[in-house]
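> With chain A's structure known, arrange chain B on it following the hints.
Protein chains: 2
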Amino acid sequence: MSTVETRTYRIEQLREFTQRVLQHFGVPAPDSETASDVLAAADLRAIDSHGVARLHTYFEMLSLGRINPRPNVHIVRETASTATVDGDNGLGLVVAPRANSIAMDKAEQFGSGWVSVCNSNHYGIASYYVLQALKRDLIGWSMTNSTKLVAPLWGSERMLGTNPIAIAFPGEREPAIVIDLATPAVAYGKIEIAKRRGEPIPVGWAIDKLGAATTDPQAMIDGGALLPLGSDRERGGHKGYALGMMVDVLCAVLSGANWGPFTPPFALRQEIPKRSVGKGIGHFFGALRIDGFIDPAEFKRQIDDVVRTFRATKPAPGTTGPLIPGDPEREAEVERSVHGVPLVLPVISDLRDIAKQTGIPFD
Amino acid sequence: MSTVETRTYRIEQLREFTQRVLQHFGVPAPDSETASDVLAAADLRAIDSHGVARLHTYFEMLSLGRINPRPNVHIVRETASTATVDGDNGLGLVVAPRANSIAMDKAEQFGSGWVSVCNSNHYGIASYYVLQALKRDLIGWSMTNSTKLVAPLWGSERMLGTNPIAIAFPGEREPAIVIDLATPAVAYGKIEIAKRRGEPIPVGWAIDKLGAATTDPQAMIDGGALLPLGSDRERGGHKGYALGMMVDVLCAVLSGANWGPFTPPFALRQEIPKRSVGKGIGHFFGALRIDGFIDPAEFKRQIDDVVRTFRATKPAPGTTGPLIPGDPEREAEVERSVHGVPLVLPVISDLRDIAKQTGIPFD
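Same order as they appear, the protein sequences are chains A and B.
Take the first sequence: its letters are residues -7 to 355, numbered as in our numbering.
Take the second sequence: its letters are residues -7 to 355, numbered as in our numbering.
Keep in mind that the hints were calculated from the coordinates and are not lab data.
Bear in mind the structure is a predicted one, so any value in this text is a computation, not a measurement.
Hints may be right or wrong, so weigh each one.
One copy or any two copies: either way a pair holds, since identical chains are not told apart in the list.
Said to hold, decoys possible - As a list, the in silico DSS-like pairs of lysine-lysine whose alpha-carbon atoms are at most 30 Å apart:
#1 Lys127 x Lys266
#2 Lys306 x Lys187
#3 Lys201 x Lys306
#4 Lys182 x Lys266
#5 Lys306 x Lys271
#6 Lys187 x Lys266
#7 Lys266 x Lys201
#8 Lys306 x Lys266
#9 Lys187 x Lys201
Isolated chain A, as found in the complex (with noise of 0.2 Å):
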């Protein structure tokens, strides 16, 4: 593994930059906070992709006027335990947090809130929804839609984005067990570090444009695809598909937004999709009251007795053996809370671009 240069910041300052430069065009400070939370929460569990390494992306798409800083997020039907909410072209940062609220304050009163969300734009990671669920005793669901990067099984082209899927269990004396994951085989994040590195990727990760399975992540980034999770027939790749396309559902055509490979990019130089089929991308949130089913004490230690359980598996030769999803991530938060987010130098440089050109300092 190659050393990559970094630096550190304390998180502190990066929630506090990122709140400036989204009041400096219009956001509520209330918003900012919002949005910043959910960024730092990124940046503090090491998925360095949704953190502020993306500010940048939504500084452009802000200064051109191309989302919305003051939206009117407002919900168009409901059920007492369903919602679709129109998120009026706002920051994903902000949408979504208060349609989860939404699904959160229908759990708390009618046992479950599922509200599904459209006009939206990209909501940083899955998992945050899931955590503020847990903070009010909640199970929490989290999906959102994306821009096209994955082929279905048997496909040659980009159709679906990576679709992600949070839930979280709350545990009485154990760390919460938090899932997050999207629905293809492996991040885009992990064919742009191979190529940076030179390094040929695994089979089962990519095809290149015509469809063949590739192992040059150049054959991937110019017009392949994702293969989902599962990767190909023999292993499941049909499963991953209709995980994708399931989340895609729920997020887009329940609430009225885009879809598949009309979903709209997150950044300035993605392709514009060949038509418009809803509005904006979609996510969807679910929580449900654990006293709904059982009394929560004894499922938490019911939770807490999975966790030791799943932890005394027989490993696997040459590993620690299973690890609790949300484990690694739980970690960096720890070390990272306390010793600082280290982000790479082109992070930094994009940070230091927005500084020059909002007057706000960053150092």
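Just chain B now, kept in the frame of chain A:
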């Protein structure tokens, strides 16, 4: 591919035989009809391992009084949109349809319904329940846990069942998207088929009893385990493991059933778990009212568009292009409804054994 000798039966004959066998053990007539519906759905949809091929096991369990033929299926806790149901150790084929109905009733009244079930037994195919939801114009979810067969990533022993997830979305003119996927890379049945044929299995399906990757089906059967969807760390095996754990918690921890390695076996000859952590096995059902989010006619038109758009994906070389989830099962159902269900000789022999022991004719 070797040909396997089969004989074809009309579905009505299989349904009637199932009903009479169950009634023979005191299962009430309406429950026996429901149970035969669930098995018939599997046989028609060519999920052969889950149809009448399992009747002999139900027969054995009922003969030994291990399953309650007249369960008092009841709600133990509920809110407007959630409930936990105790199946009173009834047939899963009877308990699960009732619990699913409760979820659907709640959805009709409060927008969504979520039911976790304990003290149940194997429930057939996961998709049966979401097809029932389609009949009531609802989006249905269905999950179940089951006897351990799958290793968590980096583990070397069986800790999770094949824990399937099903969900379906109705179209207007196009058929519904019906997703039904188990969370390991491959079904156990495929290991058995490879063994019978004396063929190796692909890398990524299984490990042996020491936790090492294996291509020998017998090595998996002799104390090895299936690998989760994604197979290894590089290709996302941690994601399949997390999905399996998600299903386990929703079905079993939330309801008070047995989870993980403690989930009781389906068949008599399987290993009894080391300890009991709850009652029976667990299921989880969800139902969402489409008009709780969007105009259902608009939703169905969009689903048609999704189906057509994904069918029109540029095909990968050597394929006819992506399928829509549920395509193969729907085509089988059309074919088998007309031409009958082919059963292999060992299954026919099992059914004849039941006939002999009960005096109910089958030939």
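> Now tell me if each hint is right for this structure.
Hint check results:
1. Proximity of Lys127 to Lys266 under the C-alpha cut-off of 30 Å is found in neither arrangement, the shortest distances being 41 Å within a copy and 34 Å between copies.
2. With identical chains, the CA atoms of Lys306 and Lys187 are at most 30 Å apart between copies only, with a shortest distance of 26 Å across copies and 36 Å within one.
3. Taking identical chains as interchangeable, the C-alpha atoms of Lys201 and Lys306 lie at most 30 Å apart only when they sit on different chains, with a minimum of 10 Å there against 42 Å within one chain.
4. In this assembly of identical chains, Lys182 and Lys266 lie within 30 Å of each other by CA distance solely inside one copy; the values are 27 Å within and 41 Å between copies.
5. Only between protomers do Lys306 and Lys271 lie at most 30 Å apart by alpha-carbon distance; the minimum there is 26 Å, versus 49 Å within a single protomer.
6. In this assembly of identical chains, the alpha carbons of Lys187 and Lys266 lie at most 30 Å apart only when taken from the same copy (29 Å versus 49 Å across copies).
7. Proximity of Lys266 and Lys201 under a CA criterion of 30 Å is satisfied intra-copy only: 18 Å inside one chain copy versus 51 Å between copies.
8. Taking the shortest alpha-carbon separations for Lys306 and Lys266, only the inter-copy value of 15 Å comes in at or below 30 Å, while the best intra-copy value is 51 Å.
9. For a Cα distance limit of 30 Å, the shortest separation of Lys187 from Lys201 inside one copy, 17 Å, qualifies, whereas the shortest one across copies, 37 Å, does not.
The structure shown violates just one earlier hint, number 1.
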